[in-house]
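Residue numbers (the numbering used here): 1 to 59.
No lab work stands behind these hints, which were simulated from the structure alone. A few of these clues could be false.
Mimicking BS3-like on lysine-lysine, the simulated pairs with C-alpha atoms at most 30 Å apart in a straight line are [said to hold, decoys possible]:
1. Lys2 <-> Lys36
2. Lys9 <-> Lys31
3. Lys36 <-> Lys15
4. Lys36 <-> Lys8
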Amino acid sequence: MKDFELIKKLTIEEKCALLSGMNEWMSRDIKRLGIKSVRFSDGPHGLRRQGDTGDHLGL
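Please model the complete structure; the sequences and the hints are all you need to start from.
Have a look at this one:
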């Protein structure tokens, strides 16, 4: 399925839900359409991923 077709199938509530994450590092999933959650990484010098309970600074 092409991305545009998938986007047209999202409800307004589902589109809004995608504007924020499930938590600090994961996107929300939309099970109804088979959209899986993805993990994000960031960092000023390469990738950073913080475990369980963190201070959001990686310290």
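Hints violated by the structure (listed by number, smallest first): Checked against the structure, no hint fails, so every one of them is satisfied.
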